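Place chain B on chain A using the hints.
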Amino acid sequence: QVQLVQSGAEVKKPGASVKVSCKASGYTFTHYHLHWVRQAPGQGLEWMGMINPGGGGDTTYAQKFRGSVAMSSDASTNTVYLELSSLRSEDTAVYYCAKTAYYDNSSPGIDLWGQGTLVTVSS
Amino acid sequence: QSVLTQAPSVSGAPGQRVTISCAGSSSSIGTYDVHWYQQLPGTAPKLLIYGNNNRPSGVPDRFSGSKSGTSASLAITGLQAADEADYYCQSYDSYISSWVFGGGTKLTV
Numbered sequence: 001q002v003q004l005v006q007s008g009a010e011v012k013k014p015g016a017s018v019k020v021s022c023k024a025s026g027y028t029f030t031h032y033h034l035h036w037v038r039q040a041p042g043q044g045l046e047w048m049g050m051i052n053p054g055g056g057g058d059t060t061y062a063q064k065f066r067g068s069v070a071m072s073s074d075a076s077t078n079t080v081y082l083e084l085s086s087l088r089s090e091d092t093a094v095y096y097c098a099k100t101a102y103y104d105n106s107s108p109g110i111d112l113w114g115q116g117t118l119v120t121v122s123s
Numbered sequence: 001q002s003v004l005t006q007a008p009s010v011s012g013a014p015g016q017r018v019t020i021s022c023a024g025s026s027s028s029i030g031t032y033d034v035h036w037y038q039q040l041p042g043t044a045p046k047l048l049i050y051g052n053n054n055r056p057s058g059v060p061d062r063f064s065g066s067k068s069g070t071s072a073s074l075a076i077t078g079l080q081a082a083d084e085a086d087y088y089c090q091s092y093d094s095y096i097s098s099w100v101f102g103g104g105t106k107l108t109v
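Here the protein sequences come in this chain order: A and B. According to this note's numbering, the stretch in the first sequence is residues 1 to 123, in order. According to this note's numbering, the stretch in the second sequence is residues 1 to 109, in order.
The shape of chain B in the complex, shown without the other chains:
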């Protein structure tokens, strides 16, 4: 069971908007920033959002992140078939002194 909680799956039609949530605690997301990774089928994860709401160079602005309290969210607008992937949130948990990942959310377009 992951320290950060994500819904197992989410779906949306092409062009629609979806959000993926990540729930933590006061010792994790409540204190530390959240990063998001995209894992396309059969590939290594790739950084998608860092520091709650920052996009690395090359990531389309259709992807955005936010954080409030002990939860964070990833929003994807203008869904495309190429967005089908697993999405993971990641933070740090001071209670267990460990980097932590969410269980991942599978996006179906």
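With the rest of the complex left out, here is chain A:
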């Protein structure tokens, strides 16, 4: 069964850091880029960036998130990580990991999502 299972909800104080994990199973981990997508309360989906687990962990970040997030991967455990630093209340959101889908005659998309991890930043 192809799935992405994320770590549980976190509550952090402003200025702290948090690391969210996403464990993949049911497919060849190193063959597909994995994305992180943020959804603030009541808001839409926002692409944060992606990581290539099979390409030495190469990352591409959305401009907005460069410098404040770090994505990493561990091929030995089929897990990718999202680390958020210097947390602010505006970082309160559900964070999703998502798997890239490569199509024969189309631009890549996303065909699988994790269940989401709620990160709450509050003093």
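In case anyone wonders, no lab produced these hints; they're calculated from the structure. Owing to the predicted nature of the structure, the values given are computational and were not obtained by experimental measurement. Hints may be right or wrong, so weigh each one.
Within a straight-line C-alpha distance of at most 27 Å, the following computed BS3-like cross-link-like pairs (lysine-lysine) qualify [stated by the list, open to error]: (1) B:LYS106 with A:LYS64; (2) B:LYS46 with A:LYS23; (3) A:LYS64 with B:LYS46; (4) B:LYS46 with A:LYS19.
Below, chain B without anything else, positioned relative to chain A:
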């Protein structure tokens, strides 16, 4: 503000047809394909349409997609209460080298 523009909401009666639009630019939808995702309340998004007009296995043929120029549309026919959800379009924008989502459209049945 999202790179891809969607109307915030749309509504329709059971059995009716609705369309959800997604407007982009020459560097996004004008060049790359569009994918659509359905997000039911309190759940993760789910792939609904890929490559502008293709349905994954298990998605009813009541859902269809199209693309023309720098815009795309999602059509839902035979509306059901279970279709109440948020719908997002997604593509790539080469001007900002980023995957992009629309702001989402909330469908009320």
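Hint numbers not upheld by this structure, sorted from lowest to highest: Nothing - there is no hint that the structure violates, so all of them hold.
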